[in-house]
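A.B. asks: Got chain A sorted already, so can you dock chain B onto it with the hints?
Protein chains: 2
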Amino acid sequence: MNNKEIPYKIYLDENELPKQWYNVRADMKNKPAPLINPATHQPCTIDELSHVFCTELAKQELDDTTPYIDIPQEILDFYKMYRPSPLVRAYCLEKALGTPAKIYYKFEGNNTSGSHKLNSAIAQAYYAKKQGLKGVTTETGAGQWGTALSMACAYLGLDCQVYMVKVSYEQKPFRREVMRTYGANVTPSPSMTTNVGRKINAEFPGTNGSLGCAISEAVEAATSQEGYRYVLGSVLSQVLLHQSVIGLESKAAMDKYGIKPDMIIGCAGGGSNLGGLISPFMGEKLRGEADYEFIAVEPASCPSLTRGTFGYDFCDTGAVCPLAKMYTLGSTFMPSPNHAGGLRYHGMSSVLSQLYHDGFMTARSVEQTSVFEAAEKFARTEGILPAPESSHAIKVAIDEALKCKETGEEKTILFGLTGTGYFDMYAYQKYNDGEMSDYIPTDEEIAKSVAKMPKVD
Amino acid sequence: MNNKEIPYKIYLDENELPKQWYNVRADMKNKPAPLINPATHQPCTIDELSHVFCTELAKQELDDTTPYIDIPQEILDFYKMYRPSPLVRAYCLEKALGTPAKIYYKFEGNNTSGSHKLNSAIAQAYYAKKQGLKGVTTETGAGQWGTALSMACAYLGLDCQVYMVKVSYEQKPFRREVMRTYGANVTPSPSMTTNVGRKINAEFPGTNGSLGCAISEAVEAATSQEGYRYVLGSVLSQVLLHQSVIGLESKAAMDKYGIKPDMIIGCAGGGSNLGGLISPFMGEKLRGEADYEFIAVEPASCPSLTRGTFGYDFCDTGAVCPLAKMYTLGSTFMPSPNHAGGLRYHGMSSVLSQLYHDGFMTARSVEQTSVFEAAEKFARTEGILPAPESSHAIKVAIDEALKCKETGEEKTILFGLTGTGYFDMYAYQKYNDGEMSDYIPTDEEIAKSVAKMPKVD
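Note that the protein sequences, when read in sequence, are chains A and B. Heads up, the first sequence is in my numbering, so the first residue is 271 and it goes up one at a time. Heads up, the second sequence is in my numbering, so the first residue is 271 and it goes up one at a time.
Hints listed in this document are in silico derivations from the structure and should not be mistaken for laboratory results. One should not assume that every hint holds.
Identical copies go unnamed one by one, so any copy, or any two together, can satisfy a pair.
[To be verified] Below, simulated BS3-like cross-link-like pairs (lysine-lysine); rule was C-alpha separation at most 25 Å, straight line:
| # | residue 1 | residue 2 |
| --- | --- | --- |
| 1 | K279 | K350 |
| 2 | K404 | K647 |
| 3 | K555 | K681 |
| 4 | K350 | K400 |
| 5 | K279 | K289 |
| 6 | K365 | K400 |
| 7 | K681 | K350 |
| 8 | K365 | K289 |
| 9 | K350 | K647 |
| 10 | K399 | K647 |
| 11 | K350 | K526 |
| 12 | K681 | K365 |
| 13 | K526 | K279 |
| 14 | K404 | K365 |
| 15 | K722 | K595 |
| 16 | K530 | K673 |
| 17 | K365 | K350 |
| 18 | K399 | K365 |
| 19 | K279 | K647 |
| 20 | K365 | K673 |
| 21 | K400 | K647 |
Extracted from the complex, chain A is given alone in its bound form (with noise of 0.2 Å):
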């Protein structure tokens, strides 16, 4: 097909939209490794997650056998408030590197949450709500779950409550803001309204919080209320289910068209976006029905993937929730303050770590100021101002399409974006001033958290 042909946008009609979501862990031979229990080192039941989590949630975890999933009629109605979003074709920034590459990315910032979050964050409180429970609990760094999650929540008529690092909650006052329009309860993490909240308040007065006290707090508060469960936004295989609709609709999309990427590209930090945009694709590598390069990026602060280790770790820096294997640098790894966008997790999604271990993705990071560069030279010529996060997926995009331009070959690029960066103003500011700075750990750094890991056989 003629390029001419190919619009700007590709958006799909709304009767094809996908029905059912995508559990790529059907097609994998090597199944991630299952979470475990860390008091007994077994494998951790669905009467255990269903404590913690909705119990169709909690089936949907340790479901790796089934390969589609009907998409209940509830949530495919909200999907239709911003979905599909658009596949777009990117003229203008081609032409700006002067690349023969085609570009493509599936933008999912188009709603109010700024994010693709919302795709798992409808479908989670969606199952809570069917359960007849009250309400769900959360914790939010740098808001764009936790404003999800409201959104969600505001639909269904269920109680949210977000416990936001006490830091952003201070210093992002909109994303605050932005959640209670929705109607949530944000609470400063550490608190004083959970026994964990008092205990790290007590012990470190003044801190400023983490994500891994925040879950604390909200796994806390969701076992001591009656009526709520805890819910998450990325890691997990569930929300990798529910973001399979990003690669679904691209895929759909694309073969709109008939065309098929070489690559694929998308920034991953617990994974959800990456593990969502691919999913479609992978299974068909995975069934050898095709094949595709897949590039996760990550930033060289935070560099699971690339530096770190596959085993078995906590996934919170609390250490209250089950042990998964995936690649870590350790639950007590803390990425440098100077880092500015997301994508700080110290570990990555079980079944990305499964699918890289064996070989079926490569994965690269990139330092922040080079990011800045790439979102920077993408708003000025796509238009759109990227999430920090996203704009990994861009740097690398525009590596990719440079090194097409030297070769002359005619590379398809799809790279997921993710989301817009209103509420990242802060980082590009510092990056406007020219006073960002780029931080790499050292092996030492790292070794020293990959040694606090559990000990499993």
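C.D. replies: Just chain B now, kept in the frame of chain A:
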């Protein structure tokens, strides 16, 4: 056609995008009165306007006879980056209200400027570039227009100098940083870089600035630099022309599904969004081909149509621009400091003023607390966090839908959702904290500023 067949969002295909703007003045029997030179009280000539505006834009400003004007290909290409914008059926809002009314909104907020302003920004920047200029100057208050112009200039490689009202520059650092990311030079106004700025700083040390002052500085900067012109984001007839793309797309999308709106509602500050949305529908009404009810919604704290005077007045507080005949509160009118959103302009587009004067449209003023109530309801049901400006239209759309609930009428309501509120969270915070208040100016206050209007025969 059965409602069930109407999707949540109607997107036109790229080949269905309007290729011409529609100039509603061509179909008006009573043309809007001409801009006049404040010194001579004679209609402004194209030569006079061309000192301040690009020549092509000066021509468009004076052209009240050509009904359709071709959109240059370069502008069409830029439009394709973020247009078509969706026409959304507000199924969720209808359900929440329990109304038999059918509510549609045209959503212009899915681009980084966060509003419809980009439609005219790219047009004005394009003509400046085509004329071989180095750059453009403008003022911005809340920052949507400045952001839009920065984006357009970055795309075309044009210098962009924005005078930002000092209080906004300091209180809205994020808006400022978005503009800087797009390469704009943002100066807090009043500055020490212009004569008028230095004069005002000397006269009022420590002043927070005003839009009137920023306009004066931007005009001086344009006329004192070789290769620069001044551009403006609303009020002017050229801006309404460019914004007609909103109405043309809305009408095309509705025609596709055989939908005919009974009433069309838009917020009105200077009139750019409302004028653009209603233009093609108003054309039909003016030509006697169809009838529609048009409602302009303005803040009770700045009620130019509902409580202003129809006469010649300065377009700017600084009184350096031509005089326009319009509904006005007097160019010295200042909305109460408790007014949160935009729509603070003292006057109204000459085109809309004439149409209102001739009875082709109606107007309503609403108080801001009720506007934020409507905004919250909309956000929680339709998912999109609306701009305070846009929420004026939401408020009246909800009021009308609730009237239908009482009467049982199945009216079809179309309103303009001009933008998102991501950079307006200070105002939302006030509302969330129950600290928002209303203010309605007294008749005496309005009479005082109206008395200062220039005397024109």
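A.B. asks: Indicate, hint by hint, whether the structure satisfies it.
C.D. replies: Each hint, compared with the structure:
Taking the shortest Cα distances, K279 and K350 sit within 25 Å of each other both inside one copy (17 Å) and across copies (8 Å). For the homomeric pair K404 and K647, the shortest alpha-carbon distance between copies (21 Å) is at most 25 Å, but the shortest distance inside one copy (46 Å) is not. In the homo-oligomer, the alpha carbons of K555 and K681 lie at most 25 Å apart inside one protomer (18 Å), although the nearest pairing across protomers, at 52 Å, exceeds that limit. For a Cα distance limit of 25 Å, the shortest separation of K350 from K400 inside one copy, 20 Å, qualifies, whereas the shortest one across copies, 41 Å, does not.
In this assembly of identical chains, K279 and K289 lie within 25 Å of each other by CA distance both inside one copy and across copies; the values are 22 Å within and 18 Å between. In this homomeric assembly, K365 and K400 come within 25 Å of each other (Cα to Cα) only across copies, at 20 Å, whereas the closest approach inside a single copy is 49 Å. For a Cα distance limit of 25 Å, the shortest separation of K681 from K350 across copies, 23 Å, qualifies, whereas the shortest one inside one copy, 32 Å, does not. For the identical chains of this complex, K365 and K289 are inter-copy neighbours only, at 23 Å across copies versus 36 Å inside a copy, given an alpha-carbon limit of 25 Å.
In this assembly of identical chains, the alpha carbons of K350 and K647 lie at most 25 Å apart only when taken from different copies (19 Å versus 31 Å within one copy). Taking identical chains as interchangeable, the C-alpha atoms of K399 and K647 lie at most 25 Å apart only when they sit on different chains, with a minimum of 20 Å there against 43 Å within one chain. For a Cα distance limit of 25 Å, the shortest separation of K350 from K526 qualifies both inside one copy, at 20 Å, and across copies, at 19 Å. Taking identical chains as interchangeable, the C-alpha atoms of K681 and K365 lie at most 25 Å apart only when both belong to the same chain, with a minimum of 15 Å there against 47 Å between chains.
Taking the shortest Cα distances, K526 and K279 sit within 25 Å of each other both inside one copy (13 Å) and across copies (20 Å). With identical chains, the CA atoms of K404 and K365 are at most 25 Å apart between copies only, with a shortest distance of 22 Å across copies and 52 Å within one. For a Cα distance limit of 25 Å, the shortest separation of K722 from K595 inside one copy, 15 Å, qualifies, whereas the shortest one across copies, 75 Å, does not. Proximity of K530 and K673 under a CA criterion of 25 Å is satisfied intra-copy only: 19 Å inside one chain copy versus 52 Å between copies.
Proximity of K365 to K350 under the C-alpha cut-off of 25 Å is restricted to the inter-copy arrangement: shortest distance 15 Å between copies versus 33 Å within a copy. In this homomeric assembly, K399 and K365 come within 25 Å of each other (Cα to Cα) only across copies, at 19 Å, whereas the closest approach inside a single copy is 48 Å. Only within a single protomer do K279 and K647 lie at most 25 Å apart by alpha-carbon distance; the minimum there is 20 Å, versus 31 Å between protomers. In this homomeric assembly, K365 and K673 come within 25 Å of each other (Cα to Cα) only inside a single copy, at 15 Å, whereas the closest approach across copies is 52 Å.
Within a single copy, K400 and K647 get their C-alpha atoms only as close as 45 Å, which misses the 25 Å cut-off; across copies the closest is 23 Å, which meets it.
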